[in-house]
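Spelled out from the first residue to the last, the chains are:
There are 2 protein chains.
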Amino acid sequence: MNTADLGLPVDVPSTALFTDHYELTMLQAALKGGAADRRSVFEVFTRRLPEGRRYGVVAGTGRVLDAIENFRFDADVLGFLRERRVVDEPTLEWLASYRFGGAVWGYPEGEVYFPGSPILRVEGSFAECVLLETVILSILNHDSAIAAAASRMASAAGERPLIEMGARRTHELAAVAASRAAYVGGFTTTSDLAAGFRYGIPTVGTSAHAFTLLHDNERDAFQAQVDSLGRGTTLLVDTYDVTEAVRLAVEVAGPELGAVRIDSGDLLLVAHRVRQQLDELGATDTRIIVTSDLDEYAIASLAAAPVDAYGVGTQLVTGSGHPTCSMVYKLVARAESADPKAPLVPVAKKSTGGKTSIGGRKWAARRLDAYGVAEAEVIGLGAVPAELSDRQLLVELVKGGQVLAREPLDVVRDRHAAARANLPLSATQLSRGEAVIPTEYV
Amino acid sequence: MNTADLGLPVDVPSTALFTDHYELTMLQAALKGGAADRRSVFEVFTRRLPEGRRYGVVAGTGRVLDAIENFRFDADVLGFLRERRVVDEPTLEWLASYRFGGAVWGYPEGEVYFPGSPILRVEGSFAECVLLETVILSILNHDSAIAAAASRMASAAGERPLIEMGARRTHELAAVAASRAAYVGGFTTTSDLAAGFRYGIPTVGTSAHAFTLLHDNERDAFQAQVDSLGRGTTLLVDTYDVTEAVRLAVEVAGPELGAVRIDSGDLLLVAHRVRQQLDELGATDTRIIVTSDLDEYAIASLAAAPVDAYGVGTQLVTGSGHPTCSMVYKLVARAESADPKAPLVPVAKKSTGGKTSIGGRKWAARRLDAYGVAEAEVIGLGAVPAELSDRQLLVELVKGGQVLAREPLDVVRDRHAAARANLPLSATQLSRGEAVIPTEYV
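Protein chains in written order, with the numbering used here: chain A, 1 to 442; chain B, 1 to 442.
Looking at chain A on its own, in the form it has when it is part of the complex:
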């Protein structure tokens, strides 16, 4: 089963080389030394949120499931590893039949998380689990960073739609994942056609300054656009003089003009002027879209302006100052053999330089207060206290190597909105602060 089962066109190549060289050398040494089969538990978590952020957003889980399912070593890849002497022949043989056969539990995609939250847990032999480290972290670190920025922007935008348009500001495939993560975080549409193709996200767009400059004058450009795309289109009105362009836009398209877009200048001031002008021209239903280097703060500052939609590019795809999370994938427990009855021994690197981790296979639950609002992220080892048993956060995602849970993106998006709404009100303050709920270890 793959995302293709949701009816979307998809072709996921092998993900086996999105892997650090040392995962394979560790595998080789563990195979030779005899420890490769030891039953192991790895957990993904972050020691801290980006500075000033109040919550994190789990995003990319669906992509992780695809990556695990497509993690296999075909002849080309094995040939490369052989030629470059990355690992020895016994290891290559082992890799040739590699299929992850273990278990994965995790926070459902769209959930919020806090420092220490075990957002993904991978269990199986050391050998089969260690190989997945790099690609799992790549996906979760990237996608969660974008979703966190998107979520803040969506809070700031309130009911107004947000258009993701950052493809040109990031790697061409990171852009597709960024559109997906932005949608999870609350964006409405994307400019990125590949994101529409791959994930079914609605795509939008009409024209750029180049289209106006191509023509002999602005009137010709507007006329050509309206003739082709209809009166409901969005005309870009800041190539020359905004006031003249708005007048011309309504003259060409009539008051049925769908929208005007403003991409420069003092947006607060210009939006008010343009709204007044549109209303005076009878174009009272014509919307105003703004798109100039916006971030969550600029969006919030336009809350009182007559703006109908925001387009966000650079600041979205760069995580609004935090383009990656600091998620790590740590061995937290292992047995002395592959025997399922052999006890798991908690393990952890000794702290130096602040890189602490807590050993042991963990559960996590979100405790609510009397009003049903999140009060603490509770993380523990062993049995889950009865009062938290129905507030557990980890769900089973992969069992015996089989992906159990795949979800349409709208389900994930709705889950995030619900999770955010369930946090204390200060969660959506844009000002810097601490995590909005504490992490408690029991």
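Honestly, the hints are just simulated from the structure, not real lab data.
Nothing here was measured: the structure is a model prediction, and the numbers come from that model.
Which copy is meant is left open, so a pair is good if it fits within one copy or across any two.
For lysine to aspartate or glutamate, the following EDC-like pairs were computed, each having C-alpha atoms within a straight-line distance of at most 16 angstroms:
1. K350 - D241
2. K341 - D37
3. K341 - E123
4. K399 - E123
With chain A's structure known, arrange chain B on it following the hints.
Below, chain B without anything else, positioned relative to chain A:
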């Protein structure tokens, strides 16, 4: 011709959907309105360097050439565009036979650039050129940002090798491009196997803390690693106690031990202690590799420490604070028809909000002082002054749709080193400052 001709395994799918929706609606309107065939010139440039940076690095050009060559609309893609009603049937027909047939000139990859430098120029019909905007900017904005950070780190590292190990901190395919850009900027090796496979970059790696924690004790782990990977391997010595681990490492591997890696703590202090201990143990040739959240400043601060190599992750793949450039793709001139004799008319958006551009098809040259050091980036319209004619920066990359120039990555890497060495000495100061040479318009 493709990168595959350099002997590297490569499979580049169509890049046509790495495109903003509005490129296609502009195309539709221009086809219907009759302006689509107008001969047009688009230029890629940036209005400013990231704050405090003294030069930029052109990276991604080779990937741009691949993207242009693979920009075509197959049946799946056309079916998607039809079903989602992105464009009308005449436009779909036009797209079905799309192949870029124009010209591309650009700064050779690895060159440095400054505000206003026309690092890429795309010429052809409006229709064929406008479609390429998004993917060209995605590649250049991402790759150049990483290469610029890499270049600063390489300056700081001097003769010491740099290992790129940031795959886990960025999107899994952005990571591959980041390895490539890092290599251009002066890195030596990468941890990313996909970058080795795709671009032939040397890959390295040995083990992580998980490998030590997997075993019953550090001795077992070291022994297993040395047994499998040989005495020349790199042992990670900071899982528990560094002093004890170094002692154990030399005991297990002997003084032939290749290297030890330190991934936490006060690296300056620890490196000195470890060096002294290794020397006392007779392991005078054992190298010290450090890898803990390094950036160019941390690398520079270790210049006097007995460190033999640096591994850099997060700060490399996030551009050391600047994960994207602000490159734009602007229509700067167009004719009134497709006729090659029709004069090109310079065009530019009128300035509002600082988004100025200068119209017209430009040349660029780097003027040298009497000592042969770069003195100014000179940009002009029309004829190139005789004294600058052999200092021109733009080279022909694509002619009549055919890629002319493809280069091994080592050539690009060497070019960057030479270009950087030819800048005034203050170029490689890490402190914030202005562009190291001024941009002059003539």
